[in-house]
Amino acid sequence: MNGLSARTALESSERSSFSLHPFDIAHPTHIAVVEPDTAFWGLVQKDRLAETLAGGPLHDTLRAKGAAFAREMDLLRFHLKPSAVYFNPTERCNLNCSYCYIPGDMRRRGKQMETSEVLAALERLHLYFRGHMPEDRLPQVIFHGAEPLLAREAIFAGIEAYGDRFRFGVQTNATLLDEEAVSFLTSRGVGVGLSLDGPVAEIADRTRRKWSGVGVFDHVVRAIDMLDGYPGYNVICTMTTENLPHLTGMVEFLHGRKAPACMLNVTRCTLPGARAVRGGDDDVATAYIAALERTHELYLETGRKLVVANFANILIAILAPTARRLMCDISPCGGGRSFFALAPGGDLFPCSEFIGVPAFNGGNIFHQPIEDIIDSAPFQRVIGRKVEDIAGCDTCVIRHFCGSPCPAEAHEMNGGMTQKGAFCAFYEEQVRYALRLIADGRHEDFLWDGWDEGAETACSIGAN
Amino acid sequence: MKKSSIPTPAEVAKKPRPQPRPDLIAIRKTCDAEGTGLSHYVLMDKQVKR
Numbered sequence: 000m001n002g003l004s005a006r007t008a009l010e011s012s013e014r015s016s017f018s019l020h021p022f023d024i025a026h027p028t029h030i031a032v033v034e035p036d037t038a039f040w041g042l043v044q045k046d047r048l049a050e051t052l053a054g055g056p057l058h059d060t061l062r063a064k065g066a067a068f069a070r071e072m073d074l075l076r077f078h079l080k081p082s083a084v085y086f087n088p089t090e091r092c093n094l095n096c097s098y099c100y101i102p103g104d105m106r107r108r109g110k111q112m113e114t115s116e117v118l119a120a121l122e123r124l125h126l127y128f129r130g131h132m133p134e135d136r137l138p139q140v141i142f143h144g145a146e147p148l149l150a151r152e153a154i155f156a157g158i159e160a161y162g163d164r165f166r167f168g169v170q171t172n173a174t175l176l177d178e179e180a181v182s183f184l185t186s187r188g189v190g191v192g193l194s195l196d197g198p199v200a201e202i203a204d205r206t207r208r209k210w211s212g213v214g215v216f217d218h219v220v221r222a223i224d225m226l227d228g229y230p231g232y233n234v235i236c237t238m239t240t241e242n243l244p245h246l247t248g249m250v251e252f253l254h255g256r257k258a259p260a261c262m263l264n265v266t267r268c269t270l271p272g273a274r275a276v277r278g279g280d281d282d283v284a285t286a287y288i289a290a291l292e293r294t295h296e297l298y299l300e301t302g303r304k305l306v307v308a309n310f311a312n313i314l315i316a317i318l319a320p321t322a323r324r325l326m327c328d329i330s331p332c333g334g335g336r337s338f339f340a341l342a343p344g345g346d347l348f349p350c351s352e353f354i355g356v357p358a359f360n361g362g363n364i365f366h367q368p369i370e371d372i373i374d375s376a377p378f379q380r381v382i383g384r385k386v387e388d389i390a391g392c393d394t395c396v397i398r399h400f401c402g403s404p405c406p407a408e409a410h411e412m413n414g415g416m417t418q419k420g421a422f423c424a425f426y427e428e429q430v431r432y433a434l435r436l437i438a439d440g441r442h443e444d445f446l447w448d449g450w451d452e453g454a455e456t457a458c459s460i461g462a463n
Numbered sequence: 000m001k002k003s004s005i006p007t008p009a010e011v012a013k014k015p016r017p018q019p020r021p022d023l024i025a026i027r028k029t030c031d032a033e034g035t036g037l038s039h040y041v042l043m044d045k046q047v048k049r
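Sequence order for the protein chains is A and B.
Position one of the first sequence corresponds to residue 0 (numbering that gives the first Met the number 0), numbered consecutively onward.
Position one of the second sequence corresponds to residue 0 (numbering that gives the first Met the number 0), numbered consecutively onward.
Derived from the structure by calculation, the hints contain no laboratory data.
None of the hints are false.
Straight-line Cα separation of at most 25 Å, DSS-like style, residue types lysine-lysine; simulated pairs:
no.: 1; chain 1: A; residue 1: LYS64; chain 2: B; residue 2: LYS28
no.: 2; chain 1: B; residue 1: LYS28; chain 2: A; residue 2: LYS80
no.: 3; chain 1: A; residue 1: LYS209; chain 2: A; residue 2: LYS110
Whole structure, please, built from the sequences with the hints as guidance.
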């Protein structure tokens with residue numbers, strides 16, 4: 000099915016002539032023109048739109064390189080193989096956050112892996128990834144949750160035993176991070192992701208609390224202090240109705256603490272609890288863009304960037320589609336095709352978002368070859384979801400800068416895989432803002448220095 | 000732990016900010032696709048390696 004989709008998309012783009020479509024970015028002088036299938040774009044002075052659409056350098060570039068751009072998108076969309084696994088060593092969590100996508104019963108009483116099970120799973124994953132990944136590229140294992148540090152002994156044993164065969168990361172609520180754990184993780188180059196939803200306890204603790212109702216802001220701040228100077232840590236802030244007015248304060252807080260990177264994520268609305276704190280698209284976009292602008296001011300004031308990684312990924316998707324790292328905003332999404340999720344019982348799901356949805360269980364790593372699980376119907380349902388089949392996305396010119404996330408929330412909240420997800424208007428505003436930054440020549444200030452190392456320039460018009 | 004070299008505020012302020020902007024702007028870079036992750040975790044591997 001995947002191969003057929005790939006061929007259809009590629010043949011379609013090769014058959015038809017490429018066409019540029021205007022896309023208003025709410026910029027005072029420039030408007031975007033986009034060739035949707037190749038994700039090729041230009042920004043043009045508004046008074047030159049008609050002549051740009053009629054011919055000129057953008058058309059010349061498409062004639063010369065459009066087929067190559069189409070092949071590039073085809074490769075990115077349909078021919079990647081998994082290179083990462085979100086490894087949940089436990090279903091349990093010591094927190095009860097309002098928007099969690101893992102059902103409460105699992106988090107209270109769920110299964111937890113023994114050390115021997117973690118090691119056995121890592122061995123199977125190692126053999127699987129070695130079958131298709133190049134020798135010089137390590138697959139990624141991110142210990143995720145629920146709260147992975149509840150299984151600290153097991154995952155540390157895994158990191159110790161397989162440190163030369165995987166690049167490891169841990170996403171944690173920080174409550175169980177002590178100096179010994181920080182020393183273990185940082186000395187081995189393990190990525191550490193923390194979760195924090197506000198710059199002060201009063202805000203942060205509204206959504207991230209223990210089962211007793213007590214907030215954990217102080218734990219996270221202590222962890223941030225312990226990780227000061229470590230380039231491999233970051234903080235995820237989930238944007239909800241509870242913290243939207245404080246996002247600017249949040250990035251000021253993180254910049255002040257010298258956090259190297261953060262994410263400002265929308266709530267994934269897979270489970271009803273998340274929908275209760277979901278902000279409206281316009282409100283989220285306004286607060287998000289204000290926070291991004293504040294990071295820019297702070298960069299100009301101090302020379303130090305706080306990279307908002309999910310936004311950086313959108314910018315990169317526009318500037319260099321194949322350089323993107325996060326795979327939620329491309330269609331098909333990365334679930335099941337560039338990464339998958341392992342539940343503590345050994346069951347594999349296309350993405351962590353589906354762990355609470357049994358119909359998307361593709362099989363068990365201890366009983367079936369991973370290759371067979373990737374080919375299973377539940378995985379192929381996610382891998383096969385593409386923007387061409389989603390009403391509204393099929394004609395949207397920015398469909399390859401957004402990708403219509405997320406299949407889990409489309410399925411659970413909106414009734415099916417061919418529905419949109421939860422934040423269409425927000426994603427559109429995000430792309431507009433990214434293109435405005437490029438029009439203003441400010442985009443590099445929002446990206447990691449050296450983000451394009453190893454990339455070649457295929458088109459550069461007015462870029463300097 | 001290795002820290003990245005950070006430009007001073009004065010250096011940042013001196014960065015050229017092109018004004019006015021060109022009539023036409025188009026940028027496309029290309030590389031091997033290695034897309035890996037989902038938005039529940041920031042991929043910091045390249046930062047750790049630096």
